[in-house]
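Below are the chains, spelled out letter by letter.
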Amino acid sequence: MGVEALALQGLSIRLGGANILEDLSLDVQAGSFTCLLGPSGCGKTTLLRAIAGFAPPSSGDIRIGARSIAALPPEKRETAMVFQSYALWPHMTVAGNLTYPLKLRGIARAEREARAERILELLDLPGFGPRRVTSLSGGQRQRVALGRALIVDPPILLLDEPLSNLDAAIRRNLRGELRRLQQKLGITTIMVTHDQEEALSMADTIVLMRAGRIVQVAPPEELYSRPADLEAGRFLGVDNLLAGRPEDPVAAATIGFRSGDARLAGAPGTGALNRRGRVLDCAYAGGGYHLQIAAGDEVIAAVSGLPVALQTEVCVTVPAAALMGFGTDHRLLPRETRPDSGATARPSPELLSH
Amino acid sequence: MTTPAAFTGALRRLPGHLLPALMIGLCAFAVFGPLGNLLLWAFAEKWFFPARYPTEYGFDFWHRVFRPRAGAWDSLFASVWIALSTVLLSMVLAVPAGYALARLALPLRSVIMLLFLLPQAFPSLPIFVNIARMFYGMGLNGTYFGVVLVHSLPGLVYAVWIATAAFAAVDRSMEEAARNLGAGPLWTFRDITLPQAFPGLVAASIFVFLDSIDEFTGTFFVGTPDISTLPILMFNASMGGNYQIAAITALILLIPSVGFMLVIERFLKADVLSRIGR
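Chains as they are written, first to last, in the UniProt record's numbering: chain Z, 1 to 354; chain A, 1 to 278.
Treat the hints loosely; a few may be bogus.
What the hints assert, rightly or not - Okay, derived cross-link-like pairs now, SDA-like style, lysine to any residue, Cα gap no bigger than 25 Å in a straight line:
no. : chain 1 : residue 1 : chain 2 : residue 2
1   : Z       : Lys76     : A       : Pro20
2   : Z       : Lys76     : A       : Pro195
3   : Z       : Lys103    : A       : Leu194
Stated by the list, open to error - Sample of chain A residues facing chain Z (criterion: CB under 7 Å; computed from the structure):
no. : residue
4   : Asn130
5   : Arg133
6   : Met134
7   : Gly137
8   : Asn141
Calculated from the structure, these hints are not laboratory results.
Ideal Cβ placement from N, Cα and C applies to all residues, glycine included.
So here's chain Z without its partners, still in its complex pose (with noise of 0.2 Å):
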C-alpha cells in the first residue's frame, strides 16, 4: 500500500448537542509516529475512531494521501486499527485472526499461511498460529492484535492506548519494541495515550488535546520544555507554577518549572530564579529528597540530595534555562531572558500586550 501521509481538515464531532470535537485540523507526515496525548474525556480516543470510521464527522474532511475517506464506511478506509481490548476473535485461532483480513481480500490460502507465518516471525511469536487466542497473555495478544493490522499492509496504523492493559516492565519493552517496528516497517501511526512518558519516549510528533481541540503539535524535546498554556504545562508534570517577580530572569504572570530544576543553594544565583522560604515538608522518594518549600503564600516544591531539617530557612534556585513564563492569558511566553536580570528591568511593551 504503501507510505501515506493522513489530514485532518477541520473536524467537528457533535453528539446530542455537545461538541466532542471541534474544528480540528492536522497533518500528519507519512512514515511519522504521532501521539495524541491528552487526559481521559479530551476526545483523543473519539479522533481515532473517526478516522477509522466509527464516530460519523459533523462536518470537515479526513484525507489519507489524495483521497478523502470520511464518508467511507469502516471497511473500505484501509486504517488499521489495534483496539485498547485487543478485540481478538476468541473462536479463531492466533492463525484464523491473521489470515481473516487476507481472506477477505481474497488472497489464496497458501498465500495466506505464508504471511502469517513472516508475521509472526515478524513479531517474535513463531509457532503460535494453531493456538488458542484465549491461552495466549496479554503481551502476547496485544502482539497478535497488531500483526492482524499489519497482515494486510495498510497505509495507516491506528493504536488505542495499546499498552495500558499490560503490566510496567511488559509495556516498558514493548514500547522500544513497537517504536522499532513502526521505524522498520515506516508505517504512519498514530497513537492514542494517556501516558506523558509513553507520547514522549515513542512519538515523533505529539498532539497534545484538552477538551475536544489541539491544545498543541510539536516534537516531544519541544512539547516538554515549551508547553503551549498553564494547563499544558501542569499535564506535562510542571509542578511548580509561581506568580512572577520584577527580579526573576523571565517577565510574565505565571513563571512555571519542574521541581527536578529546582536546587537548594547557600546564595540567590545570578541570572536564576530564586526565592527564600522554609521547609515545610522532607519526604524520601528514592534517591533524592522531595521538599515542600513555603515562600511567602507560595508554596515550591523541589528535591533534594541531602534531607534537610524542617523549618530550615533555605534558597531555592532555578536556572533560567528551566523557566517557562507564562503571561496573564495563561499561554506560553516566547522565550526571552532580561539581558540583566536586576530589578530595574522592565517586561517589553510587546510581551505586555498578551
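Given the coordinates of chain Z, assemble chain A onto it according to the supplied hints.
Using the frame of chain Z, we list chain A on its own:
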C-alpha cells in the same frame, strides 16, 4: 458408651441434620413421586381399587399404543415436526430482533423486552380462544401452520430474550475490528457475531423446542381434531380413563425432552444466561 451429656448434645444437634434431610426428601418425593406413579401406570396391566399397587404387570398397553391405528407414532411425528418448525420460525425472527435489541440503548431495550413478556403475563386461555376465532376466519384452524404460529407465541419470548442476551455478550470491539480490517456488515455478522452468539442461540432453540413439544392449550384450540400431538393424545387418553395409555404417551414425551436437556448441558453457559435483559 455415651455419657448423658453427649447424648443430649447429639439430641440438640439432631434438628440441624434432620431438617435438611427432610426437605431434600420432600423435594425428591415431589419430583419423583408423580414420575414413579407414571412408571407404575405405564407397566400396569391390571390396577383396580382398592389395590395399593398394580395386580398385574406387562407390556400389553405398549403394544396397543404402538399399533398403527392408535396414532401414537403419528402424534409423535406431528409433535416433533411442529416443534422443529416452531424453532425455525422463532429463530428466524429472534436472530435479527435479538441482534437489534442487543445493540439498542438500554432504556428503550428494557421497554421492548418487557413488551415481549406481555403475552406471558395474560392468562393463556382467553388469548388462545381468541386466536382460534381469528384463525378460524383465516382458515388456519386445523393446519400445521396455524399450530406452529400458536406455538411460536410463547416460543418467541424465550427466543428473543435469550438471543438478545447472547448477542449482547459479543464484545462490540470485536465487530469493529472485523469492519476495520475490511469485512462488510453482513460478513462481520456471519463470521464474528454469529459464531460467538451460537451457544446462546442453541440454548434459545432448545427452550423453544421443549416449550412447543409440551404445549397443550394452543394446540387444543387451534389444531384439534385435525392435528393431534402427543399432549393431545395424552389428554384424550386420560379423559377416557385410560391411564396406561396416558402414562406411556407421557414417557414417550420424555424422550425428546431428556435428549435436549443433555444438549443444553453442553451448550448452555451460565455467563450467557446471566446477561439476559442486561
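Outcome of the hint check:
1. Lys76/Z with Pro20/A: 64 Å, violated
2. Lys76/Z with Pro195/A: 24 Å, holds
3. Lys103/Z with Leu194/A: Given pair Lys103/Z, Leu194/A holds - Cα atoms ~18 Å apart, limit 25 Å.
4. Asn130: 43 Å, violated
5. Arg133: Hint on Arg133/A: violated, closest Cβ of chain Z at ~47 Å, above 7 Å.
6. Met134: Interface hint status for Met134/A: violated (43 Å vs cutoff 7 Å).
7. Gly137: 47 Å, violated
8. Asn141: Status violated, d = 45 Å.
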